[in-house]
Amino acid sequence: MNKKLLKLITFFSFSFAILFAQESTPPQTEQGTTLFKKVDPTVVAIQIEKSGGSGMIISADGYIITNGHVISDGTKENPLKVSKRITVILSDETKYQAKVIGHSMDPDVALIKIEPKHPLPTVTFFDSSKVQTGQKCYALGMPVGLKRTLTSGIVSNTERILGTFTSVFQTDAAINPGNSGGPLFNENGEVIGINTYAGGGQNLGFTIPSNVVTTLKDHFFKFGYFKKATVPFFFTSNIYDELGEALGVPHGVIIEYVELGSQAYQAGMRAGDIVLEKNGKAVTVRTLAQLLQFEWEMATQEVDSNLHLKLLRKENNETKEIEFNTKMIEDEPSPAMGFQKGEIKEINYYELGLGVQQTVRLSKYMQSITEPLGVFISSSTPNFPAGRAGLIGAPNSDLITHINNTPIPNMQVFEEMMEKCLKEKQSKIVLKIVRGKFTFETALKPTYRLAGKSVAIIVSTSEPTYWNEIMRFVNSTGATTKIFSKTGEPFKISPPNSREKGFTVKAHDSFDKLNISEFDSLIILDGNTTQLDTGKDILKFLKEAISLKKIVAAIGSRSILLLEAEPSIKSKKITTSAQHSEIAQSLNANYTGKDNEMDENILTSTGSDEDIVKEFIALWKNELKK
Amino acid sequence: MKPIYIFLLISLIVAPVFSKDKKKAEKTKIVHVEINLDFKGKNYKLNYTGCLVSNKGHVIIPFSYEKKSVTDARLWYSNNEHTATVLDVNQKVNIALLKFEPEGDTDYFKILSQPVDPKNDQITLTTTSSEENYFNTYKDNFKFLGYYFGQVDFFVISSLNLNEFFLSGSVATDKNGNLVGIVSDGRMRIVLAMYDLNKHINRMLAKSNQKGQKNNSEDTPYLGFSRTFVNKDYAELKNIPYNSVLVTAVFKNSPAEKGGLKVGDYITKVDQIALQGANQNVERHFTKLLNPEIDEKIEFQVMRDSKTINLKLVFEKKPKPKELKIDELGLSFSEIQPENFYFDGIVQEEGILITKIEPGSPAATSNEFGTTLLMRNDVILSINDSPIKTIENVSEAISAAKNSNKQVILLKIARDLGTKLVAMKIKTNGAKHE
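Protein sequence lines, in the order shown, are assigned to chains S and B.
Yeah, the first sequence ends on 631 if you go by my numbering, and it's all consecutive.
Yeah, the second sequence ends on 437 if you go by my numbering, and it's all consecutive.
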């Protein structure tokens, strides 16, 4: 791990300048013309809901490389979320929907896949370690929404450091927003990198070297994400000229910090050691770019593979060499730093005014916390239980180490414990808090505004979406929930991204055991499969619930079922997902097209993103509270 | 009837009650104050009514800006303009003590040891105006509505017409002419009660009378501990008195440590007064009872392991850290303070801290991230292998480095949880002659 990179990045402010369209001179040379003809069909335009970028085809069957940020739709709660609809436009203007195979925000690379009708022409990668400053290069892409633009220039620097995981190429070929994800070619039309950022000045474009891209591509194919390797927990720095002079060592990597008792410590690393050799290869690092390369090689070593280090240690004026082996293990997700959003997940308990964050070793290091347990509080809202308990959110976050004396090693345990406490409607939940150098206890007193109300959760599709968000909210209101599936069968919840695992939920009962009069409200979840016939089984009790004036809340495609169950619903204002809006209109429904709609006891939602669903559940809560 | 009509109607009825005394001011206890203020780079002119509290020209006004932000203060007394000096500001209480040089003794409001209770009395408010440098007064009778005991005590008086007519600092008196409070904000019906102000004004006057001890005003009294409030819900669950504050840190060699205060103590009484309120309010009450003053004694009752203990503490001058600036390196150093240790994530309790890095200096050499080699709050562990424990160690080690032949200086520093070696060029004494 590279302390310099990770730590200093925080202070590095790099502005993603929104550059206005520059007039780019089309290449007049024959070389440019030939090159354009050759590579044009390998470059694609990529469109997501609001913006777009470029991409390059790497296989005849439709694998495409672009930037991570082009297809990302990351939120604070789920930074690894990708866009729901990704459209790829080929050079012949044919359009395809793409799915994400894997993506990473740093390095900024993604692999997506379309199902083309014909085999596609592909790009060829050039070994980027052979790229030299001053060589000619061409960028092809869709800058600022313009169609297919070729620009040319030279590689201005091969080791530019921007505060990202790797150093990048800098070029004066015009690169603008929209070029993102497109290729930078050498004179032979081979890809030397993937264009990614436009700098704050003119003629400053940045390109991720092709070798980084191909390594990531392999990770995406194999794991679906960038599976970084590490030996926890140590930081390094490069031996620059002055430091080399002072230490009497010409080059190498110096170890700045080794966590006491960590794997690195047990393996034998100590702060102050100088790395002379790694896996039999001499380490001759002097510059920061070379250090980044050293770190990159380490991070991309296979997980479980062996790391052999030869270290130089000075002790009591004696110098000795130490060698050891240790195993690389998978690295934790990276926390947000500088302009990087990071990969850390956050969850919120709105009824408690409490947000917590997935907590990794590095986040704790950055706050000088040695406590191994706990999750950080990301937000605490005044006048809510969290605020009243005196909890403090980011940036000087409190760390919750125990709930009711049970140790909390990670987010998963935290979620499970909170769910248990809330479901049991515990009047006071005792939290143990580490704040800087002080540990104390406090108590959360949830208000359970919906205590005494009962809710039926109806799962009529496979893999219901927004399960966690909805259930967390509903549980924290104190309402009693009962989950129904068609035959009472368990159902799968798919993971929000390829790094996380899905899980299975047991239903309490089958649809035919559902007794509407037992419940104050029904929440009908939407799912990945949105065929309407999957919901026909619920029409009967939907009709009953509507006639008994129960609060019926339906998400996405499920709104249509309300119309089918009870024709009188047509007079009520409703909304549904974009795909089902036509059906709603064809049924002469009072379809308003809003994100969420509430008309007396009928609540409907487009369910198209997390924020909309959150607002929907909040509306539902307020309605049920009345 | 719409509220606006009610308001107009009442103002018609109330307006004639005001008697606008246009006479040029006679010898009085009230002055008009004008303060020019530099606040965040902008200039403001503020008008107050001031209240004389000594025969030597001491005046109080409600004021919560920093003393140094005042660029000019003047006042009108007996219709003459005077230059005034801001002697002291208590931002927390929202009062300032001003002084001007009157010709001869002035009349003034006596600040009694026991404040006058406005409760059973009709209140007269007197305000001033700066119009054409006239000293005008408006008077009206108000009713006492109720007390609020908070961080600062105040009371609320009835009137619908305060908005336009009353400056901040307007003086509230009872029917015998005794001072019962000063208006904290002219637009509101809030009067700072003398319950709170008496002791603060007396203290400010005493301080200003201590001649030749000017430096003392810069000394901060301190006890040297930090605390947090006790969450009521938790306290009830664990049988802890919730109207208490929890001690979270006791600084090394501090008056709190000397007085026997320990981390984990629940402070329940201050000078025999029990803390009141819940959650954040207890902490407010606690702060209010503290009254920090150097050499002043204070008694805490604490609960420790279910036992009640009384502790006697004495406020001391807050120690000032030794500081050092090395111009050649562009670095400023300071001794680590308890605050650094507890609140800035510094790992060591003692040692030497980098407090400033001059831009453009060798220490500010930045790498490609645009970050400097050294950073604020780095702790110096050694310089050229000689350990650093005191400020003197730093100056010695740097002189030694300058006298050596080496062109680079090697610093070992602690940052976050780790250590770091930093080397930078230094001009040696030998190099100077070359």
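Just so you know, the hints here were simulated from the structure itself, not pulled from any lab data.
You may find that some hints are simply not true.
[As the list claims (entries may be wrong)] DSS-like, lysine-lysine: derived pairs with alpha carbons at most 30 Å apart:
{"hint": "1", "chain 1": "B", "residue 1": "Lys323", "chain 2": "S", "residue 2": "Lys442"}
{"hint": "2", "chain 1": "S", "residue 1": "Lys433", "chain 2": "B", "residue 2": "Lys265"}
{"hint": "3", "chain 1": "B", "residue 1": "Lys310", "chain 2": "S", "residue 2": "Lys450"}
{"hint": "4", "chain 1": "B", "residue 1": "Lys321", "chain 2": "S", "residue 2": "Lys450"}
{"hint": "5", "chain 1": "B", "residue 1": "Lys321", "chain 2": "S", "residue 2": "Lys442"}
{"hint": "6", "chain 1": "S", "residue 1": "Lys118", "chain 2": "S", "residue 2": "Lys100"}
{"hint": "7", "chain 1": "S", "residue 1": "Lys518", "chain 2": "S", "residue 2": "Lys619"}
{"hint": "8", "chain 1": "S", "residue 1": "Lys442", "chain 2": "B", "residue 2": "Lys300"}
{"hint": "9", "chain 1": "B", "residue 1": "Lys321", "chain 2": "S", "residue 2": "Lys319"}
{"hint": "10", "chain 1": "S", "residue 1": "Lys319", "chain 2": "B", "residue 2": "Lys392"}
{"hint": "11", "chain 1": "S", "residue 1": "Lys425", "chain 2": "S", "residue 2": "Lys487"}
{"hint": "12", "chain 1": "S", "residue 1": "Lys325", "chain 2": "B", "residue 2": "Lys428"}
{"hint": "13", "chain 1": "B", "residue 1": "Lys291", "chain 2": "S", "residue 2": "Lys437"}
Inset, instruction - Please flag the earlier hints that this structure goes against, numbers listed from lowest up. - result: 4, 9
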